[in-house]
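Engineer: All chains, please: the whole structure from these sequences, using the hints.
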Amino acid sequence: MARITMREAISQALWEEMERDPNVFIMGQEVGVWGGTYAVTKGFYDHFGPERVKDTPIAEAAIVGGAIGAALTGLRPVAELMTINFAFVAMDHIVNEAAKFHYMFGGQMVLPMVIRTVGGGGRQLGATHSQTPDAIFAHFPGLKVVAPGTPADAKGLLKASIRSNDPVLFIEHATLYQSRGEVPEGDYTVPIGKSVVQRPGKDLTLVTYSKMLEVSTKAADLLSKEGIEVEIVDLRTLRPLDMEPVLESFKKTNRAVVVEEGWKSYGVGSEVAARIYEEAFDYVDAPIKRVAQMEVPLPYNRTLEQIALPKVEDVVTAVKEVLDA
Amino acid sequence: MPETVLMPKLGFDMAEGTLVRWVKAEGEAVSKGNVLAEIETDKATVEVESNYSGVVLRHLVEQGAIVPVGEPIAIIGQPGETVDDKTPSPSSPDLVSAVAEVGQSSQEQQPQAVKVTQMDEGPAGRIKASPLARKVAQERGIDLRMVSGSGTGGRITRRDVEAAQIRPVISQAEPQFVERPAVQVPSTAQKPKVEKQPVVLPTWGGVQAHFEDQLIAVDRLRAAIGRRLVEAKQQIPHFYITHEYNVEALLMLRSELNGLLPDDQKLTVNDFLIKAVALALRQYPNINATLEESSIRRHGRIHIGVAVAVQGGLLTVVCKDADQKPLRVISSEVKEMAARARAGKVRPDDIEGSTFSISNLGMYDVEHFVAIINPPETAILAVGSARQVPVVVNGEIKVGTRMLATISADHRVTDGAEAAQFLQAIETFIEKPMYLVM
Chain L
1 MARITMREAI SQALWEEMER DPNVFIMGQE VGVWGGTYAV TKGFYDHFGP ERVKDTPIAE
61 AAIVGGAIGA ALTGLRPVAE LMTINFAFVA MDHIVNEAAK FHYMFGGQMV LPMVIRTVGG
121 GGRQLGATHS QTPDAIFAHF PGLKVVAPGT PADAKGLLKA SIRSNDPVLF IEHATLYQSR
181 GEVPEGDYTV PIGKSVVQRP GKDLTLVTYS KMLEVSTKAA DLLSKEGIEV EIVDLRTLRP
241 LDMEPVLESF KKTNRAVVVE EGWKSYGVGS EVAARIYEEA FDYVDAPIKR VAQMEVPLPY
301 NRTLEQIALP KVEDVVTAVK EVLDA
Chain S
326 MPETVLMPKL GFDMAEGTLV RWVKAEGEAV SKGNVLAEIE TDKATVEVES NYSGVVLRHL
386 VEQGAIVPVG EPIAIIGQPG ETVDDKTPSP SSPDLVSAVA EVGQSSQEQQ PQAVKVTQMD
446 EGPAGRIKAS PLARKVAQER GIDLRMVSGS GTGGRITRRD VEAAQIRPVI SQAEPQFVER
506 PAVQVPSTAQ KPKVEKQPVV LPTWGGVQAH FEDQLIAVDR LRAAIGRRLV EAKQQIPHFY
566 ITHEYNVEAL LMLRSELNGL LPDDQKLTVN DFLIKAVALA LRQYPNINAT LEESSIRRHG
626 RIHIGVAVAV QGGLLTVVCK DADQKPLRVI SSEVKEMAAR ARAGKVRPDD IEGSTFSISN
686 LGMYDVEHFV AIINPPETAI LAVGSARQVP VVVNGEIKVG TRMLATISAD HRVTDGAEAA
746 QFLQAIETFI EKPMYLVM
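Protein chains in written order, with our numbering: chain L, 1 to 325; chain S, 326 to 763.
If you are wondering where the hints come from, they were derived from the structure by calculation, not from laboratory data. If you're wondering where the values come from, they're calculated on a predicted model, not measured in any experiment. Among the hints, a few may not be true.
[As the list claims (entries may be wrong)] Here are the computed lysine-lysine pairs in the BS3-like style, where the Cα-Cα straight-line distance is at most 25 Å:
id, chain 1, residue 1, chain 2, residue 2
1, S, Lys-650, S, Lys-591
2, L, Lys-100, L, Lys-42
3, S, Lys-591, S, Lys-558
4, L, Lys-225, L, Lys-202
5, S, Lys-660, S, Lys-645
6, L, Lys-159, L, Lys-42
7, L, Lys-251, S, Lys-453
8, S, Lys-757, S, Lys-650
9, S, Lys-650, S, Lys-660
10, S, Lys-757, S, Lys-591
11, L, Lys-225, L, Lys-311
12, L, Lys-252, S, Lys-460
13, L, Lys-159, L, Lys-194
14, L, Lys-320, L, Lys-225
15, L, Lys-218, L, Lys-194
16, S, Lys-453, L, Lys-320
17, S, Lys-757, S, Lys-453
18, L, Lys-252, L, Lys-202
19, L, Lys-320, L, Lys-218
20, L, Lys-252, S, Lys-453
21, L, Lys-225, L, Lys-194
22, L, Lys-320, S, Lys-349
23, L, Lys-225, S, Lys-349
24, S, Lys-460, L, Lys-202
25, L, Lys-251, S, Lys-645
26, L, Lys-320, S, Lys-723
27, S, Lys-723, S, Lys-670
[What the hints assert, rightly or not] Computed footprint of chain L on chain S; a stretch qualifies when at least three of its residues, placed anywhere within it, have a C-beta under 8 Å from a C-beta of chain L:
id, region
28, 454–465
29, 471–481
Here a beta-carbon is modelled for each residue, glycine too, at the ideal position from N, C-alpha and C.
Structural biologist: Structure follows, in structure tokens:
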């Protein structure tokens, strides 16, 4: 298996799917001549040409609206929004059209489209460009929301998203592009809506996804030195949310911490914790804790930004608190 | 110099104990007299106090471990002090020298190391326990009221329940020695008159309510009772003699005395019996005895064991020197010990050293029954209910109040004639109960 970066993994997925299916095309700001804001589509323009790698104006509603139209007429667009913060501009298209057409018109049409976008903080981009509003999008039935934490999952899930007949919001993390991991050779997909145990353990279940998988893994390494073995379940997909591995793990450990980068209120952690309480109440041995971003617009100042984001120490502390509770 | 703490011996027949919970963690400071751990024996849960001040350097056994008496369980030293890895772990060859070093045998350690567990019952009503703890407790038939919680704010978690699993389940059952509140006069008027009615065969459409089998783990108390009574019943050649006592005078005296006493000090029939039996034993020392290798030890002191029902078993609380104690002292002591037994807080001293036992099922409307001897005693008296029965007085049938008591005695120590005489000696005190208050 090759050890490649998340950027390369996503790039490979796009490339391979475009080679495989002529209906797949890319559209977004700077995806063509420039090669992508995060250099994911470097070389695509020269290879696939302007018909299939379309630069667009700075108009997110137009990008998503155009992708919806293309999908409705049989193509498989991969629309790129430079950051998820700009998706709010296209909110109506995403949640009122893409998520609902199939259901509102008697299933006459499918929308095989992917919106690739970038979330997360930690790069001093200011409060409006550093958000993690994943839960907002995961709130809407009709939309699949995918957020991988490893290069292998990113590649497999993006390929599965492109092949899916439902609209998929594919959230990449701004600070994960350089992270490396083993990626299987050849063509493969990772099913959407399947959580997975990324690290086996017995003492506590850490539920997380995306960038926080990296943070949680570092915390798990530290805890392991103290003899605490946490089991990490990576959600990978926020909708549909696969609770099976979470519940299975929880029934074994009876204690859980949910780690997410977004705000705690109304967040992924709230959903996961509530589902555990609903579906595994008799297995609860201590209150479930949520580790999340502080409830403030993320500061620009580097020190303050780092304080506000969930850190390795926060996870370690939360795990110990739950184990002692 | 690090000091080694040993598993204390908490009773004459205690061979091992379960370390239920470490109260002081490794690294935690501990002063002499602080509670170090909770230990469970066959009969009770007790707290082990530290004889040393310093820091808990190491736990040598894990929670839940069953440890033989005299084995090291922890090392206490000064902060920063290191524990030599050769420090004895249980069953290691270094054990003997370590014990010698500390200069303390388990016997010597016993008195100061023992204190009865004081479990927080918390505010009446709700018990703080995790859902999982509740489920596990229910599955294993463990009463959460008897489990102390180690979680935040005293919450009971699964590990607490698992640690407590072997602790006997105690209910608020009444002690056996309480006699029936009043002698019931069997009355035909109370019985519904059965009229002859046409009896229709009820229809039966199959099982309506399904009742599952329940698998109840044998806890330590249950196991201890089983072990000891199998031994007693197999090894001791029991014989039984039943005697009828006229308890009219006793009941009258009791009623008179209780009229003078506050509610919480009222005397029970059993209190009188304890005193009567103790005085009779003074006359028949061979019944107050223990069979040893090649001799019979007639105990100088008379300690009367009183069987107390607790859920999941029974305990025998011991009224020491009952022949010399005033009736009211006997009564209050037994009340207190029985309450502790029912609450699971019994002290080792409460249940040790009996030389003769009484088991009273009078409260359950029992005519008479036989009991199994409680080793190492020679005999036990099984007492039934005081009942109104027809008696012949001067050739006429009258209503009398009688109580049957059956002695089970060890034929290796005593014989029928002696046991029968002993029962007659008791009769003197029961039928002339003023002896008991003099």
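Engineer: Looking back at the hints listed earlier, which ones does the structure fail to meet?
Structural biologist: Checked against the structure, the hints that fail are numbers 2, 3, 17, 21, 25, 26, 27, while the rest are satisfied.
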